[in-house]
Amino acid sequence: MSQNALDLFSARFGSAVLATGNSHGDEWARVDGSHIAEMARFLKQDAGLQMQLLVDLTCVDYAQFDPSAPLALDAADRFEVIYVFGSVTLHHRLRLKVRVGGGAPAVPSITDVYRTANWWERLVWDFYGVRFDGHPDLRRILTYDSFEGHPLRKDYPIHKRQPLTSERGVQDLVRGPGPGQSNLHAPMSQRPGARPNTRSDAYD
Amino acid sequence: MSSVQTNDALLIPGLVTKLDEAEGFFTKLTSKGLGWARANSLFSYPFVTACCGMEYMATAASRYDIARYGAEFPRFSPRQADLLMIVGTINNKQAPIVRRVYEQMAEPKWVMAFGVCASSGGFYDNYATVPGVDQVVPVDVYVPGCPPRPEQVLDGIRLLQGKINRETHNPVADRTEKKNPLFRIFSR
Amino acid sequence: MANFHLEQRPKTPPPPVDDALSTEQEMPTEPMQVNLGPSHPATHGTVRIVAELDGEVITKADVEIGYLHRGFEKSAENATWAQVLPYTDRLNYVSPLCNNVGYVMAVEKLLGIKDPERSQYIRVIASEISRITDHLTCVGAMGLELGGFAPFIFAIEARELLWDRIAELTGARMTTAYTRIGGVANDIPPGWADKLKATLVRVAEMREECDKLLSKNRIFVDRVRGTGIISAEEALDFGFTGPCLRACGVDYDVRKAHPYLVYDRLDFVVPLGTAGDNYERYLVRLEEMRQSERIILQALDQMPEGPVIVDDWRIALPPKPAVYGSIEGAMAHFKLVMQGVQVPAGEVYQYTEGANGELGFYLVSNGAGKPYRCHVRAPGFPILSALEHLITGKMLADLIPTFDSINMIGGEVEQ
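Sequence lines, in order, name chains A, B and C.
For what it's worth, the working numbering labels the leading residue of the first sequence as 8, then goes sequentially.
For what it's worth, the working numbering labels the leading residue of the second sequence as 28, then goes sequentially.
For what it's worth, the working numbering labels the leading residue of the third sequence as 150, then goes sequentially.
Bound-form chain A, shown alone (with noise of 0.2 Å):
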């Protein structure tokens, strides 16, 4: 659908496009990461191209994709940054993909190209932990800022529960921060303070 696309882009940035193909209909490019905002500005501004919208940015974490070999933790190609770029005139997409890795992997910011990056940025570095180099305000987006680890990744259990915090951001001058987990496995009849109105035995 979008081979013309991809056909101008791998013109353009020969070297630093290592693999193309078209899986399931759509064109993808595996490119170096290094190059990113580059390309993300050529493709915004080019008028063969004219992709003005930036639909998706996300990551995978190949860690267990092959669960007879899995990858090291900081293995170089653990993560893929996936970006998908449109055109809403010219009706064409195209998806590039970024392998990161190591122990601290990290991107350029396309977020001066595309200002819808910020967020997606955000996104991935708060699932992942991949940093984006560049970006104006890196921090956690759906998770909170006392959160440890980062959860999408193949290595962070699904059950791992973390306590709740306290209350983050706006000053409470007169009380202070919100109160922690309290006497969880109390009935309701024992809790203190629950329920002052009521006969102790009136619940359960």
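If you're looking for bench data, these hints aren't it; they were derived computationally from the structure.
None of the values given here were measured: they were computed from a predicted structure.
Each residue gets a CB set at the ideal place from its N, CA and C atoms; glycine is no exception.
Some hints could be false.
Unchecked claim - Below, in silico cross-link-like pairs of lysine to any residue (SDA-like), each with a Cα-Cα straight-line distance of 25 Å or less:
# : chain 1 : residue 1 : chain 2 : residue 2
1 : C       : Lys543    : C       : Arg374
2 : C       : Lys519    : A       : Ala76
3 : C       : Lys519    : A       : Glu45
4 : A       : Lys51     : C       : Lys519
5 : C       : Lys361    : C       : Ala299
6 : A       : Lys167    : B       : Pro123
7 : C       : Lys405    : A       : Ala76
Claimed, not checked - Taking CB as the label site, the calculated pair distances span:
#  : chain 1 : residue 1 : chain 2 : residue 2 : range
8  : B       : Ser147    : C       : Glu454    : 51 to 61 Å
9  : C       : Leu362    : A       : Gly156    : 46 to 56 Å
10 : A       : Leu25     : C       : Leu362    : 57 to 67 Å
With chain A fixed as given, assemble chains B and C onto it according to the hints.
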């Protein structure tokens, strides 16, 4: 001073005085009256987070009218509400907010866990969610369903109304001290 | 099949500045920080906006989300391909069938199969009904939060009528999980098509009632016209799709640009706005409801007879007589339920036009019965990221209609 009705009549039958009888009678009358009033005029705070909010909107709208149970207008200030309806999933980031809102409500207050996510976490059994809002606030009535049909919600309201009617209500809050002897007679 | 532009009434100029009041601007003031907290009646779902105010003007706003993050993507990696379906209902919970259709189409793209034609028509009808319910909720909520309770009641009643039909079709009012990999769960019940046509007539009445109550209402229009303006270039830069983008004048609808299912056989118009403000977004949604009604009526007429799910027992559950009557049926049923559909390794990005914009599913499979990665490109996520830009420098009172008209649904934005 407790709100449990002491029953001296059981201990020393001969010494129950007419004053005690009168006190007990008036207290029970007030309690029943207050119970009826509070049950039939629930001001709800719908703490809406997720999909159950749509069913809450449906329950509050014209077809499954929640106004016929007196719980018509949502009061979006915890100070003015007495029923905290936790509608939808509570996750770790939201839990302190729920606790804060619950603590800001004035007595008497009740909590309804609307939907399975609020009752027990639903099928979101992962790192992000709190498995049931009763980990954070005490819950009075659980309305399961994903989302519950409005009829289920109204059934939950009816159960809660029954519970409120069975409770003992005082016209004066426990912590205040009234110097007026009349108050001391008519409340315990 | 031209796309038409909505007419615009000339705006009255603002009153001239009174010199006597200008001394007020010289008074020393401090910026005030206001927290539109996560539990707020006007936030659909839970968003916290910490706004710094200078008088009534918002100078800085920080939009914080994450209060409804339910771990959809992680849960999807631990469920079989079919078990992910109920999770998708709860993404955009006002148009659940659109999510179901989008997810299942992505899995089918990975498998390389196509569902039968009757199922495609049913999916189109279901998606359009969901689109109508989404727009009804948005329009009703906009009226409600700007002070009008009646349009909300009409919109919710219209939604109830449609939910009655959906309950007859799928079994549930809201969280339907109706589609299956390879088709849909069951055929439409007998007589349902006529009932749906009657319901659409009634829904149209209520929708026009909402229209009459709001569209020319001075109170409503004064608050939504000219507020929340975004230009087409900025909208594209922020990743807008759907009604919010079309209200800026950009003619992009996935149903027309990359037709899927049977949309290329159906005749409908994509409404466009010009100004990109809240009023245009509201009008675009209202008009899209009318077009959806048109689509449904055409689809009901054109729908052919036939099966509603593929006849491949490695993908779709065998019919019950075969499950109970033959060994192969029982085995196929067992394998499908216990191990899930074995989807060959690969990755796919499949996008459909959800009610809020382009709803995309990026799926990666490693050949197992469970998704290796299931990412949802929620249309509300980039639109919400632009909220900060939309309200900074504007009045605090403009925040409410802006937030309503972008129709952020917490479930999809926060997955």
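Taking the hints in turn, this is what the structure says about them:
1. Using a Cα cut-off of 25 Å, the hinted pair Lys543 (chain C) and Arg374 (chain C) holds, with the two alpha carbons roughly 13 Å apart.
2. This hinted pair checks out: Lys519 (chain C) and Ala76 (chain A) have alpha carbons roughly 18 Å apart, not beyond 25 Å.
3. Of the supplied pair hints, the one linking Lys519 (chain C) and Glu45 (chain A) is violated, its CA atoms being roughly 36 Å apart against a limit of 25 Å.
4. A threshold of 25 Å between alpha carbons decides the hint, and for Lys51 (chain A) with Lys519 (chain C) the separation of about 36 Å lies outside it, so the pair is violated.
5. Between Lys361 (chain C) and Ala299 (chain C), the direct Cα distance comes to roughly 11 Å. Compliance with the 25 Å bound is thereby established for this hinted pair.
6. Straight-line distance between C-alpha atoms of Lys167 (chain A) and Pro123 (chain B) comes to about 19 Å, which keeps the hinted pair within the 25 Å bound.
7. Among the hinted pairs, Lys405 (chain C) with Ala76 (chain A) is inconsistent with the structure: their alpha-carbon atoms are about 44 Å apart, more than 25 Å.
8. As the Cβ distance of Ser147 (chain B) to Glu454 (chain C) is approximately 44 Å, the hint placing it in 51 to 61 Å is violated.
9. As the Cβ distance of Leu362 (chain C) to Gly156 (chain A) is approximately 50 Å, the hint placing it in 46 to 56 Å holds.
10. Evaluation of the 57 to 67 Å hint for Leu25 (chain A) and Leu362 (chain C) yields a pass: the beta carbon distance comes to about 58 Å.
Of the numbered hints listed earlier, those contradicted by the structure are 3, 4, 7 and 8.
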